[in-house]
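Visitor: Sequence:
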Amino acid sequence: MCRPTVVSLFTGAMGLDLGFELEGFRVRVALDIYKWACEVIKANRPHIPVINADIREVPTKAILDVAGLKPGEPTVVTGGPPCQAFSTAGKRLSIEDMRKWKGGDLVFNFIRVVMEAKPRFFVFENVTGLLSAAIRHISFYERVTKKIHELPPETRLGTAFELILDKFRETGYKIKWGVLNAADYGVAQVRKRLFIVGSRDGVDIPFPPRPTHAPPESLELYSGRRPWLTLRDVIWNLRDRDDLEYVPFPSWGKYLKYVPPGGCWVDIPKDLQKEAMGGAYDDPNDPLRRGRRGGRRGFFRRLSWDRPAPTLVTSPVMKATCLCHPDHDRPLSVEEYEVLQGFPEGWVSGLKYIPTRAKYRLLGEAVPVPLARAVARCIKAVL
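The opening position of the sequence shown corresponds to residue 5 in our numbering, with each subsequent residue numbered one higher.
Hints may contain errors.
With beta-carbon atoms standing in for the labels, derived distance ranges [stated by the list, open to error]:
| no. | residue 1 | residue 2 | range |
| --- | --- | --- | --- |
| 1 | TYR262 | GLY228 | 36 to 46 Å |
| 2 | VAL386 | LEU276 | 32 to 42 Å |
| 3 | GLY350 | GLU224 | 32 to 42 Å |
| 4 | PRO265 | PRO231 | 10 to 20 Å |
| 5 | LYS180 | LEU223 | 22 to 32 Å |
Calculated lysine-lysine pairs in the DSBU-like style (CA-CA distance at most 30 Å, straight line) [as the list claims (entries may be wrong)]:
| no. | residue 1 | residue 2 |
| --- | --- | --- |
| 6 | LYS323 | LYS274 |
| 7 | LYS171 | LYS46 |
| 8 | LYS178 | LYS196 |
| 9 | LYS151 | LYS74 |
| 10 | LYS65 | LYS151 |
| 11 | LYS150 | LYS180 |
| 12 | LYS384 | LYS171 |
| 13 | LYS274 | LYS258 |
| 14 | LYS39 | LYS196 |
| 15 | LYS180 | LYS384 |
| 16 | LYS46 | LYS196 |
| 17 | LYS46 | LYS65 |
| 18 | LYS323 | LYS122 |
| 19 | LYS196 | LYS74 |
| 20 | LYS151 | LYS122 |
| 21 | LYS356 | LYS384 |
| 22 | LYS323 | LYS74 |
| 23 | LYS74 | LYS150 |
| 24 | LYS180 | LYS196 |
| 25 | LYS171 | LYS122 |
| 26 | LYS39 | LYS278 |
| 27 | LYS65 | LYS178 |
| 28 | LYS196 | LYS122 |
| 29 | LYS180 | LYS261 |
Keep in mind the hints are simulated off the structure, nothing from the lab.
The beta carbon of each residue, even a glycine, is placed where N, CA and C say it ideally should be.
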């Protein structure tokens, strides 16, 4: 029996692809514009043909030719277009902004390949910020000072997602979508991601996959689930290694010595908080910021051994999304990122010629392998 095939777009570090491989799928081609992603693929899967190019400049026929497939033959097309446009960790862009931004039409090119390659199924992954994106951006202050009915329809939250769903529906595929938390599928990380899956022939994909884990405090509500994995479960054995690869914190890292495991900027001595936070400081005496003190929990965040990690971002040394080790005054290392995302040891960290910051980016953008495998099982169930 022939193995089911994957046409992989926006492949990155292959998190989504490894999940499908573990369920018996064969990746026939991988496409990515980022040269370091292509190096990871070539190093770990030298048999997979790699297209190092901008998807907008590659005809679908060329992708299929490299894969050795014809329209209608791929089992599944997978991909997660770069998510900066919708990420809550960065500047939010609308669909209108995206059309001006050179990477903005990547979502629609994914849909183009699906329409022309005609796979039996597709799996699209992205950040949850896509759910609340608007077609046209307006300022936060303009949004909060007007009533909903006073806003132009294209500026309303969620209109971009509805547009994208409509484009997927125009393909004729039967669509399902949902938000999955990686922690619910055996990943020691609270990482929520949006998935849209489609079936060409109208098959009812059993999506979303059944969760296997739950927060410890909620286990009594979920029969048969295991507790969420924690940092202690997966990276404890790395804590004393002195050869780990990481980018040191900038000068503001000196304040982390005041923060206990599980803490953040509010644990810094009060007389140092304003100095540490700079322009992000919430002055309790400022009436415009009243009630906001205690927010911004990502600032000067030190992780806890007894909880999952928060979402791993593309750099652990940003002040607002700090990912400090529970015991050491350093960020999580590349090796710890790798384990927390479910990759095999050395998958990215072992490639010494790839810059450290590029490794963080590759791992921070990836779909955790156990989560990808859970989604792959949904497709496998209806083959």
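Visitor: List in ascending order the numbers of the hints, as given earlier, that are violated by the structure.
Guide: 2, 7, 9, 10, 11, 18, 19, 20, 21, 22, 23, 26 and 29
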